[in-house]
Amino acid sequence: IAGITQAPTSQILAAGRRMTLRCTQDMRHNAMYWYRQDLGLGLRLIHYSNTAGTTGKGEVPDGYSVSRANTDDFPLTLASAVPSQTSVYFCASRAGTGDGYTFGSGTRLTVV
Amino acid sequence: GESVGLHLPTLSVQEGDNSIINCAYSNSASDYFIWYKQESGKGPQFIIDIRSNMDKRQGQRVTVLLNKTVKHLSLQIAATQPGDSAVYFCAEISMDSSYKLIFGSGTRLLVRP
Chain A
1 IAGITQAPTS
11 QILAAGRRMT
21 LRCTQDMRHN
31 AMYWYRQDLG
41 LGLRLIHYSN
51 TAGTTGKGEV
61 PDGYSVSRAN
71 TDDFPLTLAS
81 AVPSQTSVYF
91 CASRAGTGDG
101 YTFGSGTRLT
111 VV
Chain B
1 GESVGLHLPT
11 LSVQEGDNSI
21 INCAYSNSAS
31 DYFIWYKQES
41 GKGPQFIIDI
51 RSNMDKRQGQ
61 RVTVLLNKTV
71 KHLSLQIAAT
81 QPGDSAVYFC
91 AEISMDSSYK
101 LIFGSGTRLL
111 VRP
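As they're listed, the protein sequences go chains A and B.
Residue numbers for the first sequence follow my numbering, so the first one is 1 and each next one is one higher.
Residue numbers for the second sequence follow my numbering, so the first one is 1 and each next one is one higher.
Check the hints yourself; a few may be wrong.
Quick partial rundown of chain B residues pointing at chain A, CB under 8 Å, derived from the structure [as the list claims (entries may be wrong)]:
#1 Leu8
#2 Ser12
#3 Ile34
#4 Lys42
#5 Gly43
#6 Pro44
#7 Phe46
#8 Phe89
#9 Tyr99
#10 Lys100
#11 Leu101
#12 Phe103
#13 Gly104
#14 Ser105
#15 Gly106
With a cut-off of at most 30 Å between alpha-carbon atoms, the simulated DSS-like pairs for lysine-lysine come out as follows [to be verified]:
#16 Lys42(B) with Lys57(A)
#17 Lys56(B) with Lys68(B)
#18 Lys42(B) with Lys71(B)
#19 Lys57(A) with Lys68(B)
#20 Lys42(B) with Lys56(B)
#21 Lys56(B) with Lys71(B)
#22 Lys71(B) with Lys57(A)
Read the hints as simulated data drawn from the structure, not as lab findings.
Beta carbons: idealized from backbone N, C-alpha and C, even for Gly.
In isolation and in its complexed conformation, chain A is listed as follows:
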């Protein structure tokens, strides 16, 4: 089934540890995004990539980094996790300008 795969589904992480959230899509979409969703709120953009080899910062990029080595993969790295990064992280992709997004099922991250 075409779509977005995120891993892990959930994770408890000690503060100060490094963590990479994985995102893979098989739809050959050009654009990919990482959002975080805090309890009861809408999603906020962390980083994005319009095409392989390019990335950009969103609303809340501090403490996160991304890479886009190929079309399919868009990993999100927390270099040194802090409790305020406890959230649900959603990866999304978009085929073209103005097209609707496809979202993954999310990674629930708890930093303790």
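On the provided structure of chain A, position chain B as indicated by the hints.
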């Protein structure tokens, strides 16, 4: 920034009734809007979209209305069913190079049997 915090507005409706969920957007230059449904533990699911050159669009049991004068969107769900219970978000597409989604504050829809 967000103003809802932990206390999402909640709309409670009787099964079979019609539901209307409202949303205000921020950028008068936005030309594409999407309604999403989010069930507990899942990612947002596309419901319906509308472009700014339209003021109404209908789908299956859902209608989106766009009032550009007051920057307001509404989602109407006909004959609401228990499976419609979820949090609903409106989103606008950013007009910068990211084409990111800018989410409004959500509304929780509870359907009473």
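Taking the hints in turn, this is what the structure says about them:
no.: 1; hint: Leu8; in the structure: holds (5 Å)
no.: 2; hint: Ser12; in the structure: violated (17 Å)
no.: 3; hint: Ile34; in the structure: holds (6 Å)
no.: 4; hint: Lys42; in the structure: holds (6 Å)
no.: 5; hint: Gly43; in the structure: holds (4 Å)
no.: 6; hint: Pro44; in the structure: holds (5 Å)
no.: 7; hint: Phe46; in the structure: holds (5 Å)
no.: 8; hint: Phe89; in the structure: holds (5 Å)
no.: 9; hint: Tyr99; in the structure: holds (6 Å)
no.: 10; hint: Lys100; in the structure: holds (5 Å)
no.: 11; hint: Leu101; in the structure: holds (6 Å)
no.: 12; hint: Phe103; in the structure: holds (3 Å)
no.: 13; hint: Gly104; in the structure: holds (6 Å)
no.: 14; hint: Ser105; in the structure: holds (6 Å)
no.: 15; hint: Gly106; in the structure: holds (6 Å)
no.: 16; hint: Lys42(B) with Lys57(A); in the structure: holds (25 Å)
no.: 17; hint: Lys56(B) with Lys68(B); in the structure: holds (11 Å)
no.: 18; hint: Lys42(B) with Lys71(B); in the structure: holds (28 Å)
no.: 19; hint: Lys57(A) with Lys68(B); in the structure: holds (29 Å)
no.: 20; hint: Lys42(B) with Lys56(B); in the structure: holds (28 Å)
no.: 21; hint: Lys56(B) with Lys71(B); in the structure: holds (14 Å)
no.: 22; hint: Lys71(B) with Lys57(A); in the structure: holds (27 Å)
The structure does not agree with numbered hint 2 stated previously, though it agrees with all others.
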